[in-house]
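Student: What follows is each chain in one-letter form.
There are 2 protein chains.
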Amino acid sequence: MSALVIASNRGPWRFTLQPDGRLSWRRGAGGLVSALTPALEGHACTWISAAITDGDRAAADGNGSPEGPAGSQLRMLTFEPTTYERYYHDVANRTLWFLQHHLLDTAGVAFDHRFRAAWASYREVNRAFAEACDEATNPGGEVHLEDYHLALAPAMLRERRPDVRILHLVCCPWAGPDDFGVLPDAVACELLAGMLGADLIGFLTHRWARSFLACCEAAGYEVDRQRDAVRAKDGHVAHVRPYPLGVDEQDLRRLIRQGAAVTGGPDDAPSRGVPDGGRLVVRVDRLEPSKNIVRGLDAFAAFLEQNPRFLGEVTHLVLVSLSREGMAEYRRYHCEVEQRAEMVNQRFGTAGWTPVRLVVLDDHPRALRAMAAADVLVVNPVWDGMNLVAKEAACVNERDAVLILSRNAGAADDLRAGALLVNPFDTAELADTLATALSLEADDRAERARQLREGAARMPPRQWLLAQRHDLARMQTEGSAWPRGKSPAGEKGGLTSQI
Amino acid sequence: MSALVIASNRGPWRFTLQPDGRLSWRRGAGGLVSALTPALEGHACTWISAAITDGDRAAADGNGSPEGPAGSQLRMLTFEPTTYERYYHDVANRTLWFLQHHLLDTAGVAFDHRFRAAWASYREVNRAFAEACDEATNPGGEVHLEDYHLALAPAMLRERRPDVRILHLVCCPWAGPDDFGVLPDAVACELLAGMLGADLIGFLTHRWARSFLACCEAAGYEVDRQRDAVRAKDGHVAHVRPYPLGVDEQDLRRLIRQGAAVTGGPDDAPSRGVPDGGRLVVRVDRLEPSKNIVRGLDAFAAFLEQNPRFLGEVTHLVLVSLSREGMAEYRRYHCEVEQRAEMVNQRFGTAGWTPVRLVVLDDHPRALRAMAAADVLVVNPVWDGMNLVAKEAACVNERDAVLILSRNAGAADDLRAGALLVNPFDTAELADTLATALSLEADDRAERARQLREGAARMPPRQWLLAQRHDLARMQTEGSAWPRGKSPAGEKGGLTSQI
Numbered sequence: 010m011s012a013l014v015i016a017s018n019r020g021p022w023r024f025t026l027q028p029d030g031r032l033s034w035r036r037g038a039g040g041l042v043s044a045l046t047p048a049l050e051g052h053a054c055t056w057i058s059a060a061i062t063d064g065d066r067a068a069a070d071g072n073g074s075p076e077g078p079a080g081s082q083l084r085m086l087t088f089e090p091t092t093y094e095r096y097y098h099d100v101a102n103r104t105l106w107f108l109q110h111h112l113l114d115t116a117g118v119a120f121d122h123r124f125r126a127a128w129a130s131y132r133e134v135n136r137a138f139a140e141a142c143d144e145a146t147n148p149g150g151e152v153h154l155e156d157y158h159l160a161l162a163p164a165m166l167r168e169r170r171p172d173v174r175i176l177h178l179v180c181c182p183w184a185g186p187d188d189f190g191v192l193p194d195a196v197a198c199e200l201l202a203g204m205l206g207a208d209l210i211g212f213l214t215h216r217w218a219r220s221f222l223a224c225c226e227a228a229g230y231e232v233d234r235q236r237d238a239v240r241a242k243d244g245h246v247a248h249v250r251p252y253p254l255g256v257d258e259q260d261l262r263r264l265i266r267q268g269a270a271v272t273g274g275p276d277d278a279p280s281r282g283v284p285d286g287g288r289l290v291v292r293v294d295r296l297e298p299s300k301n302i303v304r305g306l307d308a309f310a311a312f313l314e315q316n317p318r319f320l321g322e323v324t325h326l327v328l329v330s331l332s333r334e335g336m337a338e339y340r341r342y343h344c345e346v347e348q349r350a351e352m353v354n355q356r357f358g359t360a361g362w363t364p365v366r367l368v369v370l371d372d373h374p375r376a377l378r379a380m381a382a383a384d385v386l387v388v389n390p391v392w393d394g395m396n397l398v399a400k401e402a403a404c405v406n407e408r409d410a411v412l413i414l415s416r417n418a419g420a421a422d423d424l425r426a427g428a429l430l431v432n433p434f435d436t437a438e439l440a441d442t443l444a445t446a447l448s449l450e451a452d453d454r455a456e457r458a459r460q461l462r463e464g465a466a467r468m469p470p471r472q473w474l475l476a477q478r479h480d481l482a483r484m485q486t487e488g489s490a491w492p493r494g495k496s497p498a499g500e501k502g503g504l505t506s507q508i
Numbered sequence: 010m011s012a013l014v015i016a017s018n019r020g021p022w023r024f025t026l027q028p029d030g031r032l033s034w035r036r037g038a039g040g041l042v043s044a045l046t047p048a049l050e051g052h053a054c055t056w057i058s059a060a061i062t063d064g065d066r067a068a069a070d071g072n073g074s075p076e077g078p079a080g081s082q083l084r085m086l087t088f089e090p091t092t093y094e095r096y097y098h099d100v101a102n103r104t105l106w107f108l109q110h111h112l113l114d115t116a117g118v119a120f121d122h123r124f125r126a127a128w129a130s131y132r133e134v135n136r137a138f139a140e141a142c143d144e145a146t147n148p149g150g151e152v153h154l155e156d157y158h159l160a161l162a163p164a165m166l167r168e169r170r171p172d173v174r175i176l177h178l179v180c181c182p183w184a185g186p187d188d189f190g191v192l193p194d195a196v197a198c199e200l201l202a203g204m205l206g207a208d209l210i211g212f213l214t215h216r217w218a219r220s221f222l223a224c225c226e227a228a229g230y231e232v233d234r235q236r237d238a239v240r241a242k243d244g245h246v247a248h249v250r251p252y253p254l255g256v257d258e259q260d261l262r263r264l265i266r267q268g269a270a271v272t273g274g275p276d277d278a279p280s281r282g283v284p285d286g287g288r289l290v291v292r293v294d295r296l297e298p299s300k301n302i303v304r305g306l307d308a309f310a311a312f313l314e315q316n317p318r319f320l321g322e323v324t325h326l327v328l329v330s331l332s333r334e335g336m337a338e339y340r341r342y343h344c345e346v347e348q349r350a351e352m353v354n355q356r357f358g359t360a361g362w363t364p365v366r367l368v369v370l371d372d373h374p375r376a377l378r379a380m381a382a383a384d385v386l387v388v389n390p391v392w393d394g395m396n397l398v399a400k401e402a403a404c405v406n407e408r409d410a411v412l413i414l415s416r417n418a419g420a421a422d423d424l425r426a427g428a429l430l431v432n433p434f435d436t437a438e439l440a441d442t443l444a445t446a447l448s449l450e451a452d453d454r455a456e457r458a459r460q461l462r463e464g465a466a467r468m469p470p471r472q473w474l475l476a477q478r479h480d481l482a483r484m485q486t487e488g489s490a491w492p493r494g495k496s497p498a499g500e501k502g503g504l505t506s507q508i
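So the protein sequences, as listed, match chains A and B. Quick note, this note's numbering runs 9 ahead of the 1-based positions in the first sequence. Quick note, this note's numbering runs 9 ahead of the 1-based positions in the second sequence.
Treat the hints as calculated values from the structure; they're not laboratory data. Just so you know, not all the hints are guaranteed correct.
What the hints assert, rightly or not - Reference listing, derived: stretches of chain B covered by chain A, where coverage requires no fewer than 3 residues with Cβ under 8 Å from a Cβ of chain A:
{"hint": "1", "segment": "348–360"}
{"hint": "2", "segment": "432–438"}
Unchecked claim - Some chain A residues flagged as far from chain B (calculated, every beta-carbon gap over 10 Å):
{"hint": "3", "residue": "Gly39"}
{"hint": "4", "residue": "Ala116"}
{"hint": "5", "residue": "Glu351"}
{"hint": "6", "residue": "Ala360"}
{"hint": "7", "residue": "Val369"}
{"hint": "8", "residue": "Val391"}
{"hint": "9", "residue": "Ala455"}
{"hint": "10", "residue": "Glu456"}
Heads up, the beta-carbon is just placed ideally off N, CA and C, and yes, glycines get one too.
Next up, chain A with everything else stripped away, as it sits in the complex:
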C-alpha cells in the first residue's frame, strides 16, 4: 500500500526474458516514462502498468521483479492477449490516438459491432487498473492515472474509493467537439464521464484543456470557465489544468555523457557526417504518422529544388525509432518514409553527397547528440500533445540551431518566441522556411536559441510533477463547491443531439 500510486499502460522498465531464463530490463520507451522517472525521485510510490512483453509477463508472474525508479514498487497487470490487443490497438491507438491527432480517416472509419466489442475490452482493462489502484492505495492516498489509455479508470476508482485523490493526465492533444463527436455517442459520453471521475484533469497545454472543456459543454455538462471546472452528473467537480512539461538541462547533459561513454560513431562530432562547411538539418521522431515525416521529406525535396545553391551543402539526418509495428498503419508509414527518403536521394544525391540519411535507431543519448550537432531542427507534427524533442533540442544544441516547429505542437506555446512556426500541412511553406532558417544571421540565431532554451526549461519534470501533486492537494482541501445559480451549459453541439 502506498500514499502515491502511478498507473500507466507502459511501465518504467521493459523486461526481456533471456535464453537462460533470467530477466533483463531497460527503461521503457515514451515521453511520459522519460519525464516521470527522474521526477519521481523522493516520492515513494507504487507504479502499476500492463505487462506487455513476454519478459513483462514473466516478471509479473514471478517474484523476480526489481524495484521501479527511485525505489518505487512495481506492479504489472496481465491481460488475455485479445483483450489487450483490442484495448491497446483498436481503441487506444487506432481510434483515440488518431482522433485526438485529427488523423482518423473520416472517409472510411466506421463504428460497427466489432468496435463495440473492442470498447468492452477497453472498459475491462480500465476496470482492472482501477481495481489494482484501489488495492495499492493507502486510505486518503493519491492516484495518478496517466493518459488516454486509462480514461475510464478515474470514475471507476472514485466509485470504489471516494477517499482517494485522483489525477488524470492526458498527454496527447485534445480535439474539439466536432471531431470528438465522431465517436459513437455512448462511447463519447462514457469517456467524458470516466475522466470526470478525477479531481484534477491535466493536459499539456492550455489549448488542449480548452478543447476538452468545449467537449464537456457540447455534451451538456456544466462548465465553469472562470475556474476551469466541470461538474459531473453526480455533482462531483473536476478541475482542468495545463501542465506544460519542460526538460531538465542537467539530466539531458548527463544522458549525453553516459551515452557517449558507451557508444560513439560517425554521427558524432567533430565531422557530424557532413562535408566540410556543410550544414546539418536534423529531425528525431518516432516512426509515427502524426510526426509528419513524409511531408517533411517532401518539403526538403522542394527546398533543394528551389534553392540549388544548397545542393551538396545541406544534409538532412532523419533519426527515427520504431513504433507500434504491430499495427499495419505504422508498417505502411515506415515503408512510405523509406521510399520518400530514397526518392530524394535518387533525385539529388551525388557521389560525394547523400542528401537524406535515414537512420532507424532507438538510442536517446545518440539522438541528443544529433540534436546538439544540428544547424537546423525540423519538428513538424500534424498535431502533438507537447513534443519533447523540440525542447530537448533547444536545450542541448551547441550551434545556435534554428528550430522549425509546427504550430500544432503543444511545445509551440512555450517556444513561440524563438522558433520559426509552420503549418504542418503546408509543404511549400516548410520548403521556404528551410531556406530562411539556413540564411539567418548569427546574432539572430543566438538570440532565438537563448529564447528557446528559456522556454524549454520553464517547467522541468520534477517541478511538473510537484505542480500536479500540489494542485491536487489544494483542490481537495478547497472542496468542490459550485458557484450558486450557475446555469447549465447554454448551446449544445451535435454530440448532445441524442443525450
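Position chain B against the provided structure of chain A, taking the given hints into account.
Tutor: Just chain B now, with coordinates in the frame of chain A:
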C-alpha cells in the same frame, strides 16, 4: 444593369449543343439553383454564372441565350479550361468542399507549390466574377455572391463598388478553427478577408454561422457575439446570419405531377417494386462521399444480419445521381457504392427478393415519387450544409415514413423533433435504428411525420430569399457602428500563430 445581381458558379440552365448546331437547355443541377429558381419570381435580376459545358460556352459566345428564370437576364463567363479546372476541382471541390465536410485527408493532403498555382486560379475566377458583378449592378444595387466558390469575390467587389450591398451565402457546413487552420495561413486569411467584404454572410444553420465566427476570432478579428458581427481589418462590419432553407409543398407537388405526366415506371405506386406487405427503405443522394452511402449500405447489411425476421420483407431503394465524375475521388466512390450494394445482394438476396436496388438516375420528380412511397428514409451524411432531401421527403411522403437523419446535417436543427437522429460514423447505431424505425407504432409515426412536415416547411425558398434581402437592406441602413470600447478577440488559436 440590374438592381439585383445573383452570381453563382453554376447557372440556372445547363445548355447542350445539338448536332444541328442549335442550343437546348434544361434546369441546372444542385440545391441552390432549385431553391433560387422559384424564389426569384417577381425579382427582376441578372444572373451571372460560369460557362461549364460546351453548350454553355456556345451560349455565352453567341446571342442565342434565353432568359433566365422569372425573366432574369443571364450572363455566362468563360474561362481558360486549366484555370477553371484548378479553381473548380483543385480548390473549390477537392480542398474547400472536403475541408468543410471534415473529409480532407489529413494523413495525406499537402499544400505544395502546385496548390499555390491552383489558388491563383481561384483568385482569378473570383476576380472575373467581381468584375462582371460590377458591370451588371445599378448604383446602390444589391449583389448575392453564392457559395464557397466565390469566397474572395465579396471583398473584390466592395473595393470596386462601395455603393453596392453585398450578400455572401455559404451553402456548405463550416468547420471549426482546428480544421479550417489546416489551410495554408495566407490562404485561410485571404478567404476570411474575402468573405468579410460582404455586408451580410449567410449560412444554412446557426451551427455553421457559429463555427465561422469562431474561425474569425481565431484569426484575430474582432467579433461581436451579441450582434453576430465581425469587423474587417479596414473597419467594415460584416453581419453573420443563418437562413435555414426549407421547402415549398405546392412546388414539390407540382413537380411530381409534371414528372408523372412524362415518365412512369416500376418504382411508381401502387406496387412500389416491393413484395406484397413488404416495406421500402429509401435514400436519394448525389453520388458524393459526404452523403455517406457506403456506410449506409454497411449498416443495412448489419441490420439484415441481426434482424432475420426482415429478410425478404424490407427492400432498400438507393437512388443516386452522378456528381463530379471529372474527379477520380468521385469515380472511385461510385465504384465503391456499386460494390457494396452488390455485396449485400449476393449475401442476402433470394430468387424473389433483391435487398438493395441501386438506381443511378438524375430525375427529380421520380426521386420525389420514391420519397413519397417510402416507409423509412435514410439521410445520413457525414456532414451536410442543409440536406434538402430530408425536407422534401418529410413534405411529400404519403406513408408516415420514419426519417433517420444524421445529426451532422443542417436539416437536423429543423427536423430534430420528428426524426430519429444518428451519428453518421456509427454503423452499428444505424443498423439498430433501422430496426427501431420499422417497429414504430402507427400513431407514433403519424405524430413524427406531422412534426417533420412542420419543420420542413418553416422557411420555403421565397421566404428564404426575402429574409436575406430584407436583412441586407436593414443592415445597410443601420450602418456599421461598432460597440465602443469593444476589445479585440482575446485568446487566439493556432491559425494566428504567424499573423
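Student: None of the hints should be skipped; say for each whether it holds.
Tutor: Results of checking the hints against the structure:
{"no.": "1", "hint": "348–360", "verdict": "violated (count 0)"}
{"no.": "2", "hint": "432–438", "verdict": "holds (count 6)"}
{"no.": "3", "hint": "Gly39", "verdict": "holds (22 Å)"}
{"no.": "4", "hint": "Ala116", "verdict": "violated (5 Å)"}
{"no.": "5", "hint": "Glu351", "verdict": "holds (18 Å)"}
{"no.": "6", "hint": "Ala360", "verdict": "holds (29 Å)"}
{"no.": "7", "hint": "Val369", "verdict": "holds (21 Å)"}
{"no.": "8", "hint": "Val391", "verdict": "violated (6 Å)"}
{"no.": "9", "hint": "Ala455", "verdict": "holds (22 Å)"}
{"no.": "10", "hint": "Glu456", "verdict": "holds (19 Å)"}
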